[in-house]
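Listed below are the residues making up each chain.
There are 2 protein chains.
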Amino acid sequence: MNLLSSLSDLRTKRLSLLGTVGLVPTMGYLHPGHLSLVSRAKEENDHVIVTIFVNPTQFGANEDLSKYPRDLERDLNLLSSLFSPSSAKELIVWNPSAETMYPPGYQTWVEVEALTNPLEGAMRPGHFKGVTTIVSKLFNATQPHKAYFGQKDAQQVAVIRRMTTDLNFPIEIVVCPTLREDDGLAMSSRNKYLNEAERKAATVLFRSLSEAKKLYESGERDAEKLREKMKEVLASEPLANMQYISCADYDSLEKLNVISGKTLLSMAVFIGKTRLIDNFVLG
Amino acid sequence: MNLLSSLSDLRTKRLSLLGTVGLVPTMGYLHPGHLSLVSRAKEENDHVIVTIFVNPTQFGANEDLSKYPRDLERDLNLLSSLFSPSSAKELIVWNPSAETMYPPGYQTWVEVEALTNPLEGAMRPGHFKGVTTIVSKLFNATQPHKAYFGQKDAQQVAVIRRMTTDLNFPIEIVVCPTLREDDGLAMSSRNKYLNEAERKAATVLFRSLSEAKKLYESGERDAEKLREKMKEVLASEPLANMQYISCADYDSLEKLNVISGKTLLSMAVFIGKTRLIDNFVLG
Numbered sequence: 001m002n003l004l005s006s007l008s009d010l011r012t013k014r015l016s017l018l019g020t021v022g023l024v025p026t027m028g029y030l031h032p033g034h035l036s037l038v039s040r041a042k043e044e045n046d047h048v049i050v051t052i053f054v055n056p057t058q059f060g061a062n063e064d065l066s067k068y069p070r071d072l073e074r075d076l077n078l079l080s081s082l083f084s085p086s087s088a089k090e091l092i093v094w095n096p097s098a099e100t101m102y103p104p105g106y107q108t109w110v111e112v113e114a115l116t117n118p119l120e121g122a123m124r125p126g127h128f129k130g131v132t133t134i135v136s137k138l139f140n141a142t143q144p145h146k147a148y149f150g151q152k153d154a155q156q157v158a159v160i161r162r163m164t165t166d167l168n169f170p171i172e173i174v175v176c177p178t179l180r181e182d183d184g185l186a187m188s189s190r191n192k193y194l195n196e197a198e199r200k201a202a203t204v205l206f207r208s209l210s211e212a213k214k215l216y217e218s219g220e221r222d223a224e225k226l227r228e229k230m231k232e233v234l235a236s237e238p239l240a241n242m243q244y245i246s247c248a249d250y251d252s253l254e255k256l257n258v259i260s261g262k263t264l265l266s267m268a269v270f271i272g273k274t275r276l277i278d279n280f281v282l283g
Numbered sequence: 001m002n003l004l005s006s007l008s009d010l011r012t013k014r015l016s017l018l019g020t021v022g023l024v025p026t027m028g029y030l031h032p033g034h035l036s037l038v039s040r041a042k043e044e045n046d047h048v049i050v051t052i053f054v055n056p057t058q059f060g061a062n063e064d065l066s067k068y069p070r071d072l073e074r075d076l077n078l079l080s081s082l083f084s085p086s087s088a089k090e091l092i093v094w095n096p097s098a099e100t101m102y103p104p105g106y107q108t109w110v111e112v113e114a115l116t117n118p119l120e121g122a123m124r125p126g127h128f129k130g131v132t133t134i135v136s137k138l139f140n141a142t143q144p145h146k147a148y149f150g151q152k153d154a155q156q157v158a159v160i161r162r163m164t165t166d167l168n169f170p171i172e173i174v175v176c177p178t179l180r181e182d183d184g185l186a187m188s189s190r191n192k193y194l195n196e197a198e199r200k201a202a203t204v205l206f207r208s209l210s211e212a213k214k215l216y217e218s219g220e221r222d223a224e225k226l227r228e229k230m231k232e233v234l235a236s237e238p239l240a241n242m243q244y245i246s247c248a249d250y251d252s253l254e255k256l257n258v259i260s261g262k263t264l265l266s267m268a269v270f271i272g273k274t275r276l277i278d279n280f281v282l283g
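Residue numbers (our numbering), protein chains in the order written: chain F, 1 to 283; chain A, 1 to 283.
Bear in mind the hints are in silico, worked out from the structure with no lab data behind them.
Treat the hints with care, as some may be off.
[What the hints assert, rightly or not] For lysine-lysine, the following PhoX-like pairs were computed, each having C-alpha atoms within a straight-line distance of at most 25 Å:
| id | chain 1 | residue 1 | chain 2 | residue 2 |
| --- | --- | --- | --- | --- |
| 1 | A | Lys129 | F | Lys13 |
| 2 | F | Lys225 | F | Lys146 |
| 3 | A | Lys129 | F | Lys129 |
| 4 | A | Lys13 | F | Lys146 |
| 5 | F | Lys213 | F | Lys146 |
| 6 | F | Lys213 | F | Lys225 |
[Said to hold, decoys possible] Which chain F residues face chain A? A few, computed with CB under 10 Å, are given here:
| id | residue |
| --- | --- |
| 7 | Arg14 |
| 8 | Ser16 |
| 9 | Leu17 |
| 10 | Leu18 |
| 11 | Ser97 |
| 12 | Tyr102 |
| 13 | Ala122 |
| 14 | Gln143 |
| 15 | Asp166 |
| 16 | Ala197 |
[What the hints assert, rightly or not] Residues from chain A that face chain F, not an exhaustive set, calculated with beta carbons under 7 Å:
| id | residue |
| --- | --- |
| 17 | Ser5 |
| 18 | Thr108 |
| 19 | Leu167 |
| 20 | Cys176 |
On a predicted model such as this, the values are computed, not experimentally measured, just so you know.
Glycine included, each C-beta is placed from N, C-alpha and C at the ideal position.
Only chain F is shown next, with the shape it has when bound in the complex:
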């Protein structure tokens, strides 16, 4: 494994890589969801670059930047376990500092418009501006052939696909399924914040989505009925505090009245002080 921190070291390394490169951008504190992206990238490319960077510009003023979990040594051990030392495939880990990514005088931003207005964008002003800017920088710095993202962050996936097409990045965006704990809770670095009672209560997101999906599978196509069902299940959990629930078109993220094509059910819910998101794709 190659652990690099400066941009110039990354550029030198990148120029030496022959064949295809898969990028897995992360904020670290890796869980099996991240590792599934790395494994997929390893299967599909000659080399893999994993970036570990807790990007300050995608956190709001009242969000959890300072207490976001970090453990580089643990992350590196997890990543090493996926690559045998004798493998011809190289694993490069880039762990730049905030000063490397945003030096004094920094003043350039990438923004996607309509797709960032609803859902997470409405609740977290400026979040996607930070995401699209850092992902553009990571794309340019690592020059991958494919980049891997989890379906867990459904709106992020939609926004990055749009940005990639709009800005002509010659990169294939690969979206990988959400990994879940045995009881259905979507894996997330933020699950670490939950105490025992909250951890049990947190399954309500999965239960709520599952009940709405059952309705859909029984033939219901009235989007409002699915939204009502999700609300009802969330309301049954005392520790859960719904921020939003949505039944929207998968590509445009526009609110649906009647379900016809590919559809995104999504939600953000506070469990105690911890904000969790989850989603199902229908159709």
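Once you've looked at the hints, dock chain A against the given chain F.
What follows is chain A alone, placed relative to chain F:
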């Protein structure tokens, strides 16, 4: 020469190019200034991509998009004359349509902040947002090692250098000197708009900059004195209508009181209905 219009044809061609690639982005209606960029790109790279695209998003509502001069056949002849048919160096001309660059649903923008506020940015709201967005798209589509811009558009050069650094584009920005007519008028596609009397009057930009430079060379370091001199010379030309004159730091574009380091003298002047810009770099 290869003339391409679709993005997929460009991508296929780009993947076939071995060695280094120089990019010269243009809006067409080429003059010797553009051709000097192409010649420089040819000297310094294995292959050259020239883009010809009149970018609608960098024109304001009251600007000259619809009447901006276009003559693709003339441009192609001029470019062909620089590359012998037997040369191993390939010339690729990419001439995409507005629909290729901004298809329905397009919604992503690249913006540079402080550097775009003064001078051209103050007079042409939204202009640099259009420039940085299209240049990002051209960089991603053509993946050059070096990109060539003329010093004539001094603020554009400063903004693109900043954007390239900030977004980690692995591209060297090469800035080439302004080419001038025998009487000093900076070459520009817009000079074609001038009638005979205006064409003579248009030399006032060069004369104004030259007089200010003389002051500098005689030891004057009071920026206001240079600005006064530029105004005085412009005021002597009845057909000229000054929009702004500036004496600013070359990198930050901040207004100077005292000249010490590298300095940009610049101006925008209407000659009749035609808006012309020019600049000198001091120090």
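Hints versus structure:
1. Using a Cα cut-off of 25 Å, the hinted pair Lys129/A and Lys13/F is violated, with the two alpha carbons roughly 33 Å apart.
2. Distance restraint check for Lys225/F and Lys146/F: the Cα-Cα separation of roughly 38 Å exceeds the 25 Å cut-off, and the hinted pair is therefore not satisfied.
3. Straight-line distance between C-alpha atoms of Lys129/A and Lys129/F comes to about 15 Å, which keeps the hinted pair within the 25 Å bound.
4. At most 25 Å may separate the alpha-carbon atoms for a hinted pair to count; Lys13/A and Lys146/F meet this at roughly 20 Å.
5. Distance hint between Lys213/F and Lys146/F is unfulfilled; the C-alpha atoms sit about 31 Å from each other, more than 25 Å.
6. For the given pair, Lys213/F sits about 11 Å from Lys225/F by alpha-carbon distance, which is consistent with the 25 Å threshold.
7. With a least beta-carbon distance of about 8 Å to chain A, the hint placing Arg14/F at the interface is held under the 10 Å criterion.
8. Restraint check, Ser16/F versus chain A: the minimum CB separation of about 14 Å is more than 10 Å; hint violated.
9. Nearest Cβ of chain A to the Cβ of Leu17/F: about 13 Å, over the 10 Å cut. The hint is violated.
10. A distance limit of 10 Å between C-beta atoms decides the matter here; for Leu18/F the minimum to chain A is near 14 Å, and the interface restraint is violated.
11. The closest approach between the C-beta of Ser97/F and any C-beta of chain A is roughly 14 Å, which is over the 10 Å cut-off, so the hint fails.
12. For Tyr102/F, the interface hint holds, since its Cβ comes within 10 Å of a Cβ in chain A; the closest pair sits about 9 Å apart.
13. Annotation: Ala122/F was flagged as interfacial toward chain A, and the flag is violated, the nearest CB pair being 16 Å apart, outside 10 Å.
14. Hint status for Gln143/F relative to chain A: holds, with the closest Cβ pair at about 7 Å, below 10 Å.
15. Of the supplied interface hints, the one on Asp166/F holds, with its beta-carbon coming within about 4 Å of a beta-carbon of chain A, less than 10 Å.
16. Violation of the interface hint for Ala197/F is found here, the shortest Cβ-Cβ separation to chain A being roughly 42 Å, above the 10 Å cut-off.
17. Contact between Ser5/A and chain F, as hinted, is not supported at the beta carbon level, the nearest pair being about 14 Å apart and thus beyond 7 Å.
18. Interface restraint check: Thr108/A against chain F, minimum CB-CB distance 4 Å, threshold 7 Å, status holds.
19. With a cut of 7 Å, the hint placing Leu167/A at the interface with chain F holds, because the nearest CB-to-CB distance is about 6 Å.
20. Checking Cys176/A against chain F: minimum C-beta separation of about 23 Å lies over 7 Å; hint violated.
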